[in-house]
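> Sequence:
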Amino acid sequence: MKGIFSLPLISNHKMCGIAGYFCKKHASDERIGKTLNLMRNRGPDNQDYQLFQTTGHERQIGLLHARLSIIDLDPRSNQPYTLGCQTIIFNGEIYNYLELRDTLHKRGIVLNTSSDTEVLLHYFRIYGEKCVEFFEGMWAFAVFDAENETLFLSRDRFGEKPLYYYENDKGFYFGSEIKFLKSLSGESFSINDRHLKRHLAHGYKALYKSEETYFQNVKELKYAENLWITKLGRKEPQKYWTPSCNIDHSMSLSDAVDGTREALFNSIRIRLRADVPLAFCLSGGVDSAALASIAAREFGAQITTFSIIDSDERYNEEDNIMATIRDIGCDHHLISATQSDPLSRLSKIIEYHDAPIATISYFVHSMISDAVSKNGFKVSFSGTSADELFTGYYDHFLLHLNEMRSSEHYNQSVKDWSGYIRPHIRNPHLQNPNLYFERPSFRDHIFDASNQNKEYFLEPFTECYSEEQFTDNLLRNRMLNELFHEVTPVILHEDDLNSMFYSVENRSPYLDKSLQDFAYSIPAKHLISDGYGKYVLREAVKGTLNDTVRLDRRKKGFNASINSIIDIGDPNIANFILDKKSEIFDIIDINKVSKVVKNKFNHNHTSKFIFNLLSVKIFLDSNRCNGN
1 MKGIFSLPLI SNHKMCGIAG YFCKKHASDE RIGKTLNLMR NRGPDNQDYQ LFQTTGHERQ
61 IGLLHARLSI IDLDPRSNQP YTLGCQTIIF NGEIYNYLEL RDTLHKRGIV LNTSSDTEVL
121 LHYFRIYGEK CVEFFEGMWA FAVFDAENET LFLSRDRFGE KPLYYYENDK GFYFGSEIKF
181 LKSLSGESFS INDRHLKRHL AHGYKALYKS EETYFQNVKE LKYAENLWIT KLGRKEPQKY
241 WTPSCNIDHS MSLSDAVDGT REALFNSIRI RLRADVPLAF CLSGGVDSAA LASIAAREFG
301 AQITTFSIID SDERYNEEDN IMATIRDIGC DHHLISATQS DPLSRLSKII EYHDAPIATI
361 SYFVHSMISD AVSKNGFKVS FSGTSADELF TGYYDHFLLH LNEMRSSEHY NQSVKDWSGY
421 IRPHIRNPHL QNPNLYFERP SFRDHIFDAS NQNKEYFLEP FTECYSEEQF TDNLLRNRML
481 NELFHEVTPV ILHEDDLNSM FYSVENRSPY LDKSLQDFAY SIPAKHLISD GYGKYVLREA
541 VKGTLNDTVR LDRRKKGFNA SINSIIDIGD PNIANFILDK KSEIFDIIDI NKVSKVVKNK
601 FNHNHTSKFI FNLLSVKIFL DSNRCNGN
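Under my numbering, read the sequence shown as residues 1 to 628, first letter to last.
FYI, nobody ran anything at the bench for these hints, they're computed from the structure. These numbers were taken from a predicted model, which means no experiment stands behind them. Warning: the hint list may mix true and false statements.
No more than 16 angstroms apart at the CA atoms, straight line, and that leaves these computed lysine to aspartate or glutamate pairs for EDC-like [as the list claims (entries may be wrong)]: (1) Lys-598 with Asp-621; (2) Lys-595 with Glu-455; (3) Lys-592 with Glu-463; (4) Lys-205 with Glu-463; (5) Lys-235 with Asp-248; (6) Lys-231 with Glu-147; (7) Lys-231 with Asp-29; (8) Lys-592 with Glu-467; (9) Lys-348 with Asp-621; (10) Lys-231 with Asp-331; (11) Lys-525 with Asp-248; (12) Lys-170 with Asp-255; (13) Lys-235 with Glu-149; (14) Lys-542 with Asp-255; (15) Lys-25 with Asp-169; (16) Lys-209 with Glu-467; (17) Lys-209 with Glu-220; (18) Lys-581 with Asp-552; (19) Lys-24 with Glu-149; (20) Lys-235 with Asp-370; (21) Lys-179 with Glu-167; (22) Lys-592 with Asp-579.
Listed next, with one range per pair, are the computed distances between beta-carbon atoms [said to hold, decoys possible]: (23) Gln-216 with Asp-530: 45 to 55 angstroms; (24) Gln-431 with Gln-238: 35 to 45 angstroms; (25) Gly-329 with Glu-262: 43 to 53 angstroms; (26) Ser-210 with Asp-530: 52 to 62 angstroms; (27) Lys-106 with Asp-169: 40 to 50 angstroms; (28) Asn-473 with Lys-592: 36 to 46 angstroms; (29) Gly-376 with Gly-329: 49 to 59 angstroms; (30) Lys-592 with Pro-428: 19 to 29 angstroms; (31) Arg-40 with Gly-376: 14 to 24 angstroms; (32) Lys-542 with Trp-241: 55 to 65 angstroms.
Positions of the beta carbon are idealized from the N, C-alpha and C atoms, including for glycine.
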């Protein structure tokens, strides 16, 4: 797989913002102008719009676009982009556009630009809604067909690019961010208090268990969904892809390693298509370090890495980070988790996100996006979802043990777990190697701190845990729920907004259809071995990733202690949290919070709750002040 990295044909990759409506009347010039201005962060290089109307003027259509140019600066590729009677606005990237472009050439189709946008629209013209089956990438796009007078919306398989929508008696509004819907509709959205309580009680893993957002009646098109709007109204969203889990029990370990290596390398290869410098978010773990090492050592890409350094030893990964940096010889930036004015940063981010920040980790990621932007980069890479593909969490080990129960290697697997994994597990729920044999439905660890968190509520809040049944295989079903309903959706939401706040595009090579298909075909016996989770991934990057990181069993990732970021001992910060005028204390008991703040809390779950409370408080106060 080694080779010389070369730049592709000049293209039009971009991260952008989209917005639009299908309504009884056009939005005013003022609202359109205001919305385009709000979209500048997502697309500072160009903003434009186009208006349409149906026959008889029953409905008015507006398409708005803001462009962040990554390669092609030719204005011919600006959007809205029209071919014949169809006009598109597109946020995202079709990574395999060069291959699709070649196919169009073979069909005799002459292309007017070098953009993936034009390729996408041609495929829509040929295949209609089935065009998405050909795409490898991330996207949210809308196509208006003036001949059929229909609007078509689509979102990518993993939900990397956001697409919200809202309906009222005037019509249908959509956009990359909720603020665009507010602006175009001219309405103030009511806060969804139930979703706020869900966040405070159960944490981030509960946020994508329902269709709800932090605002009432505002929905998000789900991953792998298409949506049609006509003069008669909106059709129900349709799922065009379901993740596969077809385990090949005859697969050998060498085949698993080779197949993973091939799929991962190809995913990175097509995502390296850019004509701008590339930044890599680098933690001390295998996932991000593997991406940076493959890009630099296998494809010769010139990369720069960005890492967070925390003084708290529980989160300090500088030794592993430096091992990777030394190995690949790249430029690097180490960013301190300590902030001079954390509340100001947090407030600005929450205002932009239209949502509380889900965890401390994603606040930390905003610091990386800030540094990436300030150093002149428009593209960054992250290791999102390797855990969900290759068994990266501690409950995966126990589910794996249960699956290996009838195997001749079971006793050795238990011995490996006891010696290598158990010492790193802090959650008391996950100390029993027979857990899923005795209790196959056990999920208490997912909302682990719910009972403690609920003690802070003035009124009881109860919501049962639920998960989707993707497959009968316990391990893979757990991983698929994390991938599509618990962990990954939150990361993608935060990654998109954190990067777009600073006009940076984020790419996630592990979120690749071919890689996902292959990963979920690997037999469980290969996934964990010798006390190593993600064993197949570690073997696939052997010789490419340094062994210091590759053979480190500790679970690592972008994180920091709340105490490194926010000094609760600072009277100004304590007073800010305990502001009696805040509406957060219509939900939460201020007296109980006061005791925690004054004692400067030590427990991990308490630290997480206080950060969530602070984040929800800022969101709630800001939106109440703005009339929402």
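> Indicate, hint by hint, whether the structure satisfies it.
Against the structure, the hints:
1. Lys-598 with Asp-621: Violated. Lys-598 to Asp-621 sits at ~22 angstroms, over the 16 angstroms cutoff.
2. Lys-595 with Glu-455: Answer holds: Lys-595 to Glu-455 is near 13 angstroms, not above 16 angstroms.
3. Lys-592 with Glu-463: Cα-Cα ~22 angstroms, so violated.
4. Lys-205 with Glu-463: Distance of about 13 angstroms is within 16 angstroms: holds.
5. Lys-235 with Asp-248: At roughly 38 angstroms apart (the allowed maximum being 16 angstroms), Asp-248 and Lys-235 break the hint.
6. Lys-231 with Glu-147: 13 angstroms, holds
7. Lys-231 with Asp-29: 23 angstroms, violated
8. Lys-592 with Glu-467: 32 angstroms, violated
9. Lys-348 with Asp-621: 13 angstroms, holds
10. Lys-231 with Asp-331: 54 angstroms, violated
11. Lys-525 with Asp-248: Cα-Cα ~11 angstroms, so holds.
12. Lys-170 with Asp-255: Status violated; Cα separation ~56 angstroms.
13. Lys-235 with Glu-149: Between Lys-235 and Glu-149 the Cα gap is close to 14 angstroms, so the pair holds against 16 angstroms.
14. Lys-542 with Asp-255: 15 angstroms, holds
15. Lys-25 with Asp-169: 11 angstroms, holds
16. Lys-209 with Glu-467: 7 angstroms, holds
17. Lys-209 with Glu-220: Distance of about 13 angstroms is within 16 angstroms: holds.
18. Lys-581 with Asp-552: 48 angstroms, violated
19. Lys-24 with Glu-149: 14 angstroms, holds
20. Lys-235 with Asp-370: Since the Cα atoms of Lys-235 and Asp-370 sit roughly 40 angstroms apart, the hinted pair is violated (cutoff 16 angstroms).
21. Lys-179 with Glu-167: Holds, because 14 angstroms separates the two Cα atoms, which is no more than 16 angstroms.
22. Lys-592 with Asp-579: The given pair, whose Cα atoms are some 14 angstroms apart, holds under the 16 angstroms limit.
23. Gln-216 with Asp-530: 45 to 55 angstroms: 51 angstroms, holds
24. Gln-431 with Gln-238: 35 to 45 angstroms: 44 angstroms, holds
25. Gly-329 with Glu-262: 43 to 53 angstroms: With Cβ atoms ~26 angstroms apart, the hint is violated.
26. Ser-210 with Asp-530: 52 to 62 angstroms: Violated, since Ser-210 and Asp-530 (Cβ atoms, about 40 angstroms apart) do not stay within the stated range.
27. Lys-106 with Asp-169: 40 to 50 angstroms: 49 angstroms, holds
28. Asn-473 with Lys-592: 36 to 46 angstroms: Holds: the Cβ-Cβ distance is about 42 angstroms, inside 36 to 46 angstroms.
29. Gly-376 with Gly-329: 49 to 59 angstroms: 20 angstroms, violated
30. Lys-592 with Pro-428: 19 to 29 angstroms: 23 angstroms, holds
31. Arg-40 with Gly-376: 14 to 24 angstroms: 18 angstroms, holds
32. Lys-542 with Trp-241: 55 to 65 angstroms: At roughly 32 angstroms between Cβ atoms, Trp-241 and Lys-542 fall outside 55 to 65 angstroms, so the hint is violated.
The structure is inconsistent with the numbered hints 1, 3, 5, 7, 8, 10, 12, 18, 20, 25, 26, 29, 32, although it conforms to all the rest.
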